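There are 2 protein chains.
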Amino acid sequence: MYKAPITDMKFALRVHRKHSPHLAHSLPDDEMIDVILTEAGKLAGDVIAPLNHSADKAGGAKRHDDATVSTPDGFAAAFAQLAEGGWTSMEADEAFGGQNMPLALSSCVNEMWQASNMAFSLCHLLTQGLISALQHSASDTQKATFLPPMVEGRWTGTMNLTEPQAGTDLAAIKTKAVKTGDHYLISGQKIYITYGEHDMAENIIHLVLARTPDAPEGHKGISVFLVPKYLINEDGSLGARNDVHCVSIEKKLGIKGSPTAVLQYGDNGGAVGYLVGEENQGLAIMFGMMNHARFNVGLQGLALSDRALQQALSYAETRVQGIPLAKDAKSPIIHHPDVMRLLGQMKAESEAMRALMIYGAALLDESEASDDGDSSRADFMIPIIKGWLTEQSQIMTSHNVQIHGGMGFIEETGAAQHYRDARILPIYEGTTAIQSNDLLFRKTIRDEGREAKALIAEITTEAQAQISHDDEAISLLATDLQAKCQEAEDAINSLLARRNDARDIAASGVPYLMMLGTLTGGWHLLRQGVLASSALRQEGADTAFLRNKLASCRLFAALSLPQASSYAQMALRAGQATESLSIEDWLA
Amino acid sequence: MYKAPITDMKFALRVHRKHSPHLAHSLPDDEMIDVILTEAGKLAGDVIAPLNHSADKAGGAKRHDDATVSTPDGFAAAFAQLAEGGWTSMEADEAFGGQNMPLALSSCVNEMWQASNMAFSLCHLLTQGLISALQHSASDTQKATFLPPMVEGRWTGTMNLTEPQAGTDLAAIKTKAVKTGDHYLISGQKIYITYGEHDMAENIIHLVLARTPDAPEGHKGISVFLVPKYLINEDGSLGARNDVHCVSIEKKLGIKGSPTAVLQYGDNGGAVGYLVGEENQGLAIMFGMMNHARFNVGLQGLALSDRALQQALSYAETRVQGIPLAKDAKSPIIHHPDVMRLLGQMKAESEAMRALMIYGAALLDESEASDDGDSSRADFMIPIIKGWLTEQSQIMTSHNVQIHGGMGFIEETGAAQHYRDARILPIYEGTTAIQSNDLLFRKTIRDEGREAKALIAEITTEAQAQISHDDEAISLLATDLQAKCQEAEDAINSLLARRNDARDIAASGVPYLMMLGTLTGGWHLLRQGVLASSALRQEGADTAFLRNKLASCRLFAALSLPQASSYAQMALRAGQATESLSIEDWLA
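Residue numbers (this note's numbering), protein chains in the order written: chain A, 669 to 1256; chain B, 669 to 1256.
Hints are computed from structural coordinates only; laboratory data are not their basis. Computed from a predicted model, the values in this text were never measured in an experiment.
For identical chains, the list gives no copy identity; a pair is met inside one copy or between any two copies.
Quick list of in silico lysine to aspartate or glutamate cross-link-like pairs, EDC-like style, CA-CA up to 20 Å:
| id | residue 1 | residue 2 |
| --- | --- | --- |
| 1 | Lys998 | Glu1252 |
| 2 | Lys842 | Asp935 |
| 3 | Lys919 | Glu1079 |
| 4 | Lys725 | Glu1079 |
| 5 | Lys998 | Glu885 |
| 6 | Lys725 | Asp714 |
| 7 | Lys671 | Glu1252 |
| 8 | Lys811 | Asp903 |
| 9 | Lys671 | Asp1253 |
| 10 | Lys998 | Glu831 |
| 11 | Lys678 | Asp1253 |
| 12 | Lys844 | Glu946 |
| 13 | Lys888 | Glu947 |
| 14 | Lys686 | Asp702 |
| 15 | Lys678 | Asp697 |
| 16 | Lys847 | Asp935 |
| 17 | Lys730 | Asp741 |
| 18 | Lys710 | Asp698 |
If we strip away everything but chain A, and leave its shape as in the complex, we get (with noise of 0.2 Å):
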C-alpha cells in the first residue's frame, strides 16, 4: 500500500513558490499542480507499488543462459503504462518531445516512483540522467536519433561507469576506445550496471567512459561514448546487435528487481560507439550531470523514508497489543508513548527532507534558468541533499521495522525489504564521504566559506524574526535553530582555520555534512510551521494538516536538532582523533 502525499507535497511547493521568484512564475497553476500529481499518484499506488514486494520475493532480476534479462512480473507492462502516461518526458525539453515541466514538480512525481518501487524506478531514474546529459552535450544529430525514443519511454538508458578497480577512483579506468571512421570500437568490461540488459524497452543506450590508445593518464584522459545495444539505421530503425553483453547481474542485499549487470564490451571485435563531446572531456560531461544525478538519489532517501513511515504507521494503527500505559488495555501500538516517538520523529524528518528535496531541485531550475549561470547555493546543497537524505533513510526504513517488532525481522511484511533496499542510497552516485569531501573542499574550503556562511547567516536571520512568534512550537524552533547556527559558524571557522591540514579536516567531513543537512531541514520546517500557522487561521484550511505540521516542528526541534550539536562537536576534534590511531601498530 502506498498512498502519494499529496497534500505535503502541495504545501511544501505553496511554501516554497513564497520565497523563490523563479518558481513563482515557472510552476503551473494549484488546479494543474493537483491534476499531475493526483493522476501520477493512482498510477504509483495502484501499478506500480504492488509490484515492489512481489519482485523481491520473487528473487528479482533473472539473467538467462542467452546472456537476456528478464525482470521480475509485471515490471514490462508497468514501464508501457509510464510511457503511455506520458510520464517519461516530463523533464525533457520541448524540441525532443518533453515537456519541460520545472524540476520542482516533476521531481514530486518522481518520488512517487521512487517510494513505489525503487527498484522498478531505477530504470526510468537513469534513463531521465542520460536525456538530460545528452541534452547537454551530444551532437545535433546525437540528440535528434537518440533523444526522441527515450523521452517517448521505448528505449532506455544507462551510466557506465565503473570498473573492478575503478570505483570511487574513475582516473583507474581502462575500457578502450580505438577510433574506426565515423566512430569508435569499445572494449572492457563494466560492472554495477542499473539496468544494463532488461526486457522492458526495445533498445538499451550505454553512455560509457573509455579511454582512447593515445590518451593523457588519469582523469584527463577519459572520453564518453554513446553504446547502442542495437545499432541505429538511418531511418531510425533498429539494425544488428551491437557487441555489448552482459556476463552476469549481481545478487544484491536489495533492490533485487533492478537487474544489475556486468556488461562485457567488444569481445566479438569492439562495440560500436559514438563520441560525445571532445576526446578527454568525459569525465567534465559526467560531472556537468552529477548534480542532478546526486539530487536523484538523495530523493530516493526521503521516497524510501516516506514509505517506510506510511507502513510504519499503518502497522501501528491496526496492530493490537496489551501494552503498558495504553489509554485502554488493549490498544493498537500506535499508543505507546516510544512508538508515537518514532512515528513522529519519522514524520517530522521525512517532511523536512521532501521541503529539503524541493528546495534542492528550485535550486536546480533557478540555476538552469539564470542569466549568469550562478549555481553556488544549488551547488553547495546537492552534496548535503544527496548525503543527508540517504543516511536519514537508513533510519527511517530501521524504525519502520522497530516499530513491526518481530514481524519486522520476517521478510513477509515487507518491512524488511525497504531497509535492505535502502542500503544502496549512501553508496551509490557517490559515498557519503565523497559528498562531504566534495562539500568540504571544493565548497566550503576553496570559496573560504563564503556560501556555508552566507547560508547559516540566512537560516538565523529567518530564525531570529521567529523566535517570539506566538505559536510555541515555532519559537522553539527557532529558538534552537538559532543556537545551533552559532555551533555549526563556529565549526565552520574551525574548519577553515584548519584548511592545511586537509586529512584533519577531511575527516570532520561527514559530521559536517550531517550538520548542516539538520540544521536546513529544521529550517525548511520553520518556513512550513510559519505559513501553517497563519493558514490555520484561514476559513476553510485543512486544520488537521496544519496543526499536525506545527507538531513536526516541535519534534524536529526535540529530537533531530540536538544531533546538530552533536555533529558540530564532532566536526571539531573527528580529525585530530583519528590521526591519533597508528594503522601501523593496530595491524601490528
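Chain A is already provided as a structure; the job is to place chain B on it using the hints.
Just chain B now, with coordinates in the frame of chain A:
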C-alpha cells in the same frame, strides 16, 4: 575470517579485576584464562566462523514435508565439536557436570561463538538460558533428568513465549495446559521459536508458557512447563515422540542458518509437559532468567560489531583505490581519513562495548554470589547493556557495509549478512523500548533515582580524578565525561520531576537509555585508558596495543560522547513533542 580479540579481552578482564574484589578471587589465573580463550578462539575461528556465510548463502535452515528441519551443512558436526570440547558445560553447576565458570570469563568465550556465527551459536545460547532457568527453578528430579544431557551438549533447549497475538504482551497468552496425573497436556501454537526443531541434538527441551483451565486472567495466570520433543524413559533413554511439531519456519531478514519455528502443540491429544515451580508462577520464573537472557543479546550486539570491525579493517587494508588525500596515489583505502574515522569509531566503541559487557557479567556474578542478594547495579545495567549494545551493532555493521562501498551491497562479501543478522538484536528479548521502560520505570523512578544517581556520581568521581592526567587522551575523555555526567544528572532530575506524567517520560526512555549507554561505555574506556597509560611504562609492554587503546579514548571522546549530549537534550523534550502530535488528525 574471524580472529578472537583475545588481547583486548585479557586487558579488559585485567581492568575489571582491579575494580571488582569478587572477580579478583573468582577468576582463574592469567595462564588459565589464556588457555581457555586461546582454545575457544581456535574453535571459533577455524571451525565455526567458516560456516557462517556458507549457511546464509545456501538459504539457511530448511523444513521438510515430514516436519523435520535440517540445519545448514556443517552445523551438526560443529555442534558436536562444541560439546566434545566441553564448551557447552562452562557455565553450569558442577553438580550437573558443569564447570561453574564465572560469567565474566565464559562471556568472553560466548562472544567468540556469537561473533563467529550467530545463527549457529543461538542454539547454544538458548540452551544456556534453559540450563540457568532449571538450575534456579526446577525440582530435583527435573534437574537430574534434564540438566546433564543439556550440559553435555546432547540435548538442546528452547524458550516458548510468543504467540501470534501475544508478543510484547505476554498476558495475552492462550496456550492451554490441562493436568492429567503427574503431568499436563499442552495444546496451542507458539511462534518465533529459535531452534524449535533441528537436527543437531538427540532431544529438544521446550520451556513453554501456558495457562491451566482455572488460571486467573492476564499475567497472574501463566505457568511454565518443560515439554521434551521425545519423552524420557525412567532410565533416561528416549521414549515416544511427544505431540509437538514444527509446522513452518520463518523466511527472515537474517540469521537464516537458525531455524525460527512455528510449533504446534497438542494436535493429537496434547503434548506431555511437566510443571516447573508452582502453577501461575510462570512469569516470575521467566523474569528470573531475564537478566541473563537480555545480557546475552547485548553480548551478541558486541559480537557482531567486532566481527564487522574485523571485516572492515581487513577490507580497508587490502582494497587499493586512488583516493584524495591518500599518502600515495595508489593506497589501500584505510589511508582515507573518512575510512579511518569510521574504523576508529568502530574500534573505540566496540572496545567500550566489550568493557561494558564484561562489567555486566561481573555484576551478575557478584549478585549471584552476594549474601544479601543485592543486584541493584546489575538490574540497572542490564537494560542499558541490552539496549545500547544492540543499537550500536546496527551502526557498526552498517559502517562495515559503507567501508566496502558498492561491494558491501553485494551479498558475496558477507558484509551485508552481518548487517542483516544484526537487525534482530534490538527486537528480540524485549525491544529497545521495552528495555527503556524497564530502565526508566522499574530501575529509576521506583527508587527515586537512587541507583541512577549513584552511578553518575561514581563516574563523575572517577572522571574528576583523571582530569589532570598527564596523558592528553585521558584528560580529554575525563573532562568530557564529567561534563556529560552533569547533563545526565539534569536529565535524570527532569525525568524524576515529571514522574507523574508517565506517558511524557516514557517517550524519553530510549534517549535516556542511549545516553547512559554512551556514558558508561566512556567510563569503562577511561578505566582502560588509565591502566594502558601506566602499563606503557612497564618493561615488555605491548606498546602497539596500549598506544591504540589511548587512541580509543580520544576517539570515544571526539566521536561518541557528543551523542550523550544529544540524547540528554532529547530526554528533556521528547515527551512533550510526541504528545503534541494528534493521532486522530494524522489518521483523518
